[in-house]
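Starting from the given sequences, assemble the full structure and let the hints guide the process.
There are 2 protein chains.
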Amino acid sequence: METHSFFIDLLIILIAARIFAELAVRMYAPSVIGELFAGIVLGPSLFGWITISETIRLMAEIGIILLLFEVGLETNIKSLIHSRGKSVVIALCGFFFPFILGFIVSYNIFSLSLLTSLFVGGTITATSIGITVRVLTDLNLEQSRIGQIVLGAAVIDDVLGVMLLALLYEFSIGGGINLLNVGKVFLFVSAFFVLAPVVARLISLLINRFDSISEIPGLIPTSIISLVLFFAWLAHVMGAPELLGGFAAGLALSRRFFIPFGIALHADEGFADRIESQMKPIIQLFTPIFFVFVGLSLALRDIDWSSPTVWLFTLFLFSVAFVGKMLGSTFIRENRFSRYMVGLSMVPRGEVGLIFAELGREGGIFSNEIYASLVLVIALTTILPPLLMKWLNSRESIIN
Amino acid sequence: METHSFFIDLLIILIAARIFAELAVRMYAPSVIGELFAGIVLGPSLFGWITISETIRLMAEIGIILLLFEVGLETNIKSLIHSRGKSVVIALCGFFFPFILGFIVSYNIFSLSLLTSLFVGGTITATSIGITVRVLTDLNLEQSRIGQIVLGAAVIDDVLGVMLLALLYEFSIGGGINLLNVGKVFLFVSAFFVLAPVVARLISLLINRFDSISEIPGLIPTSIISLVLFFAWLAHVMGAPELLGGFAAGLALSRRFFIPFGIALHADEGFADRIESQMKPIIQLFTPIFFVFVGLSLALRDIDWSSPTVWLFTLFLFSVAFVGKMLGSTFIRENRFSRYMVGLSMVPRGEVGLIFAELGREGGIFSNEIYASLVLVIALTTILPPLLMKWLNSRESIIN
Chain Z
1 METHSFFIDL LIILIAARIF AELAVRMYAP SVIGELFAGI VLGPSLFGWI
51 TISETIRLMA EIGIILLLFE VGLETNIKSL IHSRGKSVVI ALCGFFFPFI
101 LGFIVSYNIF SLSLLTSLFV GGTITATSIG ITVRVLTDLN LEQSRIGQIV
151 LGAAVIDDVL GVMLLALLYE FSIGGGINLL NVGKVFLFVS AFFVLAPVVA
201 RLISLLINRF DSISEIPGLI PTSIISLVLF FAWLAHVMGA PELLGGFAAG
251 LALSRRFFIP FGIALHADEG FADRIESQMK PIIQLFTPIF FVFVGLSLAL
301 RDIDWSSPTV WLFTLFLFSV AFVGKMLGST FIRENRFSRY MVGLSMVPRG
351 EVGLIFAELG REGGIFSNEI YASLVLVIAL TTILPPLLMK WLNSRESIIN
Chain B
1 METHSFFIDL LIILIAARIF AELAVRMYAP SVIGELFAGI VLGPSLFGWI
51 TISETIRLMA EIGIILLLFE VGLETNIKSL IHSRGKSVVI ALCGFFFPFI
101 LGFIVSYNIF SLSLLTSLFV GGTITATSIG ITVRVLTDLN LEQSRIGQIV
151 LGAAVIDDVL GVMLLALLYE FSIGGGINLL NVGKVFLFVS AFFVLAPVVA
201 RLISLLINRF DSISEIPGLI PTSIISLVLF FAWLAHVMGA PELLGGFAAG
251 LALSRRFFIP FGIALHADEG FADRIESQMK PIIQLFTPIF FVFVGLSLAL
301 RDIDWSSPTV WLFTLFLFSV AFVGKMLGST FIRENRFSRY MVGLSMVPRG
351 EVGLIFAELG REGGIFSNEI YASLVLVIAL TTILPPLLMK WLNSRESIIN
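Chains as they are written, first to last, in the numbering used here: chain Z, 1 to 400; chain B, 1 to 400.
Since the hints were derived computationally from the structure, they do not count as laboratory data. The model shown is predicted, which means the values in this text are computed figures rather than measured ones. There's no promise every hint is true.
Each pair may be met inside one copy or between any two copies, as identical chains are not told apart.
Computed cross-link-like contacts, SDA-like style, restricted to lysine to any residue with a CA-CA straight-line distance of at most 20 angstroms [what the hints assert, rightly or not]:
#1 390 with 216
#2 390 with 214
#3 280 with 207
#4 184 with 81
#5 184 with 162
#6 78 with 312
#7 280 with 383
#8 280 with 208
#9 280 with 363
#10 390 with 215
#11 280 with 215
#12 390 with 144
#13 390 with 217
#14 390 with 380
#15 78 with 46
#16 184 with 143
#17 184 with 335
#18 78 with 141
What follows is the structure in structure tokens.
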């Protein structure tokens, strides 16, 4: 790719993201919706001005891990651990219900093959942690009890999603279901989540120490980005999604970092401030690229809008994708408003669903019609909940 | 490219750049030398751990235009214009002497073909503005009179280099020399330099205005990066090197921006401060990638160290590449120290020379031996002057 055409692509993405986000906010929608629409407008769905290049994709990936890093940075581990019971309930329900309901719709109602039905279930299972987190941030709810429950649930959901993907992939290439492998992944991921924040914290203390003796400016941006990249890579190696590495690194650098023997690991306040003020511009630069990227990935033009099967399948699937994620929230003891908000937060599927759908299409598991339906379901689950949440949030007092 | 292997590559580049830069500074060398060595060590010259991917290359390109943007931001246009006479002398001499001497060495002494000789001359002609600027910054000289002369000269040199490249390229594909085209490029580039800062200034005032009414954080990083990308793209379209677009955008946003009717274009001081503090971390993140990239591009292992021709040709060529750039400084009225510093500043060839050499090799114009010599000459001109300048700078009082 020529340098100048990459520059113009990146420029268009950044400006469109900003303009659509400003418009969205003025129309009382969360800004992330604007960024997604920017991608839909620029991409194959509408004008087709931008095709996703590898560099744009990789910069988007940096964007999402940095967003999770920022969320981790502002997370209070104590309250995250405190809400773990509810998070687990939300995550497990939000994982199994859509998967099973999606499977039933495909296998029993639309008589699709076993493998296809399993993949349809998988596609509508995983929550997009990025979209969830961004919407909560847009509504200033990321530090609320709702935010902590959803965050914990989304992390668990993401891990379950990756394990399901690995299982289904092995099944699709005829390897059968290997529960030993799944157990191994689960162990690794658990180990990662226990150890990563401690290791990251130790490294950050090293950076803090180095910061005072370094003779060249710019230590914080390069070393913190390196730290985040390292944990993203480590997460991948341990079998977890990369963005969880960013989250773990953020947790470790959080001011409210808390581990049983954590007293010795305290960095000074000034250091945390410097990290925040210097990382913010970098995070603000990269994250919009991710959401535009998700919008670009939706090829809504490919959908055969005249096919009744597409409409019917979409309708059924969307219903179970929506209800399946909402069900879990009825099992936790919170007021009505919080339950709705938690439920809605888990609905967006975004890029995770698209990865599943893409895999299914490339592997010949999904026909064009089914793929189109899935893209439509993903688009609806991604776009509607943020709007509903914003609306609900402005009516909190009426609902309770 | 897989996401996690990109992450690990970027991570290694960032960390190696930092470690080698810190070592360099402790060994009294400029930090840029450390970053270049990081690239040499990681790349095909030594361990071959990192191969340049498109994404790394494009991020390096962002790095260099951002560096030029930063330099522009800190440049005082008045003193740049003030030293234009000396800059022109330095640029023209530094352009013609190496070109002609390089041609003579190749054509008359080593009896190479006409086309090859012309390309050898071209390869050792263009100064690497990035390395020059970085060394001056490392020595805190970028705002000095020396800095202003060199900066002006390097910009002119870069424009001349691109015009020469265009000319030689046409000549090499049998198109003959088209002076009309060269004149057109010259006109376009001049127009760009007169108009770009004014336009960029107007846009920045728009951003400033928008900054106060925007409801979403992060306007400055995305909009300033967009501005820089836009002018880099525009520079390319007008036939100038992309990095000069970054420089023009920086000039326009400079606190010391000055144009005849400039009074109406003043933005508030606070805005300039916000731009500087928010752009710094982004610039510090991207620029080391560029210098490591230059080091990675040097394939020193490919050189046949046992060939006497390589050694002899390298020796001759390095001498004329060095002396050719130094000659111009004898024509300007400055003290001995300043003349040496200005001359040495213009010696580094870096990535510009490598682009020429690569083009020559791909086009079959350079044999392996000649290519190897050129890479060696470029490496020497890139690495020696920064060391000499640092040493000279510490002895300023003795020399004068």
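Outcome of the hint check:
no., hint, in the structure
1, 390 with 216, "between (45 angstroms within a copy, 15 angstroms between copies)"
2, 390 with 214, "between (46 angstroms within a copy, 19 angstroms between copies)"
3, 280 with 207, "both (18 angstroms within a copy, 19 angstroms between copies)"
4, 184 with 81, "neither (24 angstroms within a copy, 67 angstroms between copies)"
5, 184 with 162, "within (13 angstroms within a copy, 57 angstroms between copies)"
6, 78 with 312, "neither (45 angstroms within a copy, 69 angstroms between copies)"
7, 280 with 383, "neither (26 angstroms within a copy, 35 angstroms between copies)"
8, 280 with 208, "both (18 angstroms within a copy, 19 angstroms between copies)"
9, 280 with 363, "neither (40 angstroms within a copy, 45 angstroms between copies)"
10, 390 with 215, "between (47 angstroms within a copy, 15 angstroms between copies)"
11, 280 with 215, "between (23 angstroms within a copy, 16 angstroms between copies)"
12, 390 with 144, "within (15 angstroms within a copy, 55 angstroms between copies)"
13, 390 with 217, "between (42 angstroms within a copy, 18 angstroms between copies)"
14, 390 with 380, "within (16 angstroms within a copy, 61 angstroms between copies)"
15, 78 with 46, "neither (45 angstroms within a copy, 48 angstroms between copies)"
16, 184 with 143, "neither (33 angstroms within a copy, 59 angstroms between copies)"
17, 184 with 335, "neither (38 angstroms within a copy, 71 angstroms between copies)"
18, 78 with 141, "within (17 angstroms within a copy, 50 angstroms between copies)"
In this structure, the hints that do not hold are numbers 4, 6, 7, 9, 15, 16, 17, in rising order.
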